[in-house]
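Model the placement of chain B with the ligand on the given structure of chain A, informed by the hints.
First to last, the sequence lines map onto chains A and B.
The working numbering puts the first residue of the first sequence at 1431, with every later residue one more than the last.
The working numbering puts the first residue of the second sequence at 10, with every later residue one more than the last.
Mixed in with the good hints there might be a few duds.
Listed next, the in silico DMTMM-like pairs over lysine to aspartate or glutamate satisfying Cα-Cα at most 25 Å (straight line) [unchecked claim]: (1) A:K1480 with A:E1452; (2) B:K161 with A:E1433; (3) B:K161 with A:D1466.
Facing chain B, a subset of chain A residues (Cβ under 7 Å, in silico) [what the hints assert, rightly or not]: (4) P1435; (5) C1439; (6) F1447; (7) A1448; (8) A1491; (9) G1492; (10) C1493; (11) L1498.
For the record, the hints were derived by calculation from the structure and aren't laboratory data.
Nothing here was measured: the structure is a model prediction, and the numbers come from that model.
Yeah, the Cβ is synthetic: ideal placement off N, Cα and C, and Gly gets one too.
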Amino acid sequence: MLEIPCPWCGPRAEVEFACGGESGPPRPADPGSLDDAAWTAWLWNRTNRKGPHVETWWHQAGCGRWFLLARDTSDDRVLASWPIGATPPPLPEEGA
Amino acid sequence: MARIAALARLDPAALAAPGADPVRLAEHSFRARLLLRGRDEALAAALEALGFGPAREVGAVARSGERRALRLGPDRLVLLDRPGEETALEARLAPLLGERGGAVVDLTEAMTTLAIDGPEPAVRATLAEGCPLDLHARAFPPGRCAASLYGKVPVWLEAVEARAGRLVVELHVDRSYATHLARHLALAGREFGFHFQS
Ligand SMILES: [Zn+2]
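Same shape as in the complex, but just chain A:
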């Protein structure tokens, strides 16, 4: 089980959380102006990279807040977490 550092509650067990998947690009300001391919790409396509990436997590059984978490997908190391809207801490590059 992962130990997830909630920005408000500190380190907690993974069972208290739900993962919202990779943190995607911002929602397009005017979805009506996009064609199907562009909308589908925004809605579904993620990088699924090997290495450090950023995902959204929800502290469902704890404080109830969503936040961002950087995790290395190759070894499951948790690198950092921060509130949505806050400046993310510096993260290692892929392969570092």
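For chain B with the ligand alone, kept in the frame of chain A given last:
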């Protein structure tokens, strides 16, 4: 209005396990329980109006006489008080929080409170059986609270007081899960001896 305790149908004898100094479980059914939501400023105003000191940090507990306020999240606070106080508290807090973009919900009869007490190591071990929190005395001393799980049941925990080697912890839980939670606690506490106060 008839008020029925959530654990009224549990048989104390069926849950009991012998022990010289058993872990004890009691239910405080009708404690006033209100959930306050809002930004820091709104919650701070509510705390001040009720005579509490600040409780900004998540996990902090503020006390004012019999009233307690548990800071369970950056935008949530749970207020506990004597049975029967909930209606007046809600009426008083609703405009105060509403003006500041917050809200108050009376959860008194949606939830119940189980209090577990006994020798401190036995109480902490009984809780650790089902709860993934760090329950070491350094991490969860009296005067701290947390929202977490026991088994799969969402619970709000508060370490209330430690005295003469004994610890009291309260678990606030949705009523419909209370019977399951009490049975799970009874199983977890068996090895220390368990007594259920109906
Ligand atoms: Zn949290």
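Comparing the hints with the structure gives:
no. : hint                 : verdict
1   : A:K1480 with A:E1452 : holds (12 Å)
2   : B:K161 with A:E1433  : holds (17 Å)
3   : B:K161 with A:D1466  : violated (41 Å)
4   : P1435                : violated (13 Å)
5   : C1439                : holds (6 Å)
6   : F1447                : violated (11 Å)
7   : A1448                : violated (12 Å)
8   : A1491                : holds (5 Å)
9   : G1492                : holds (5 Å)
10  : C1493                : holds (3 Å)
11  : L1498                : violated (15 Å)
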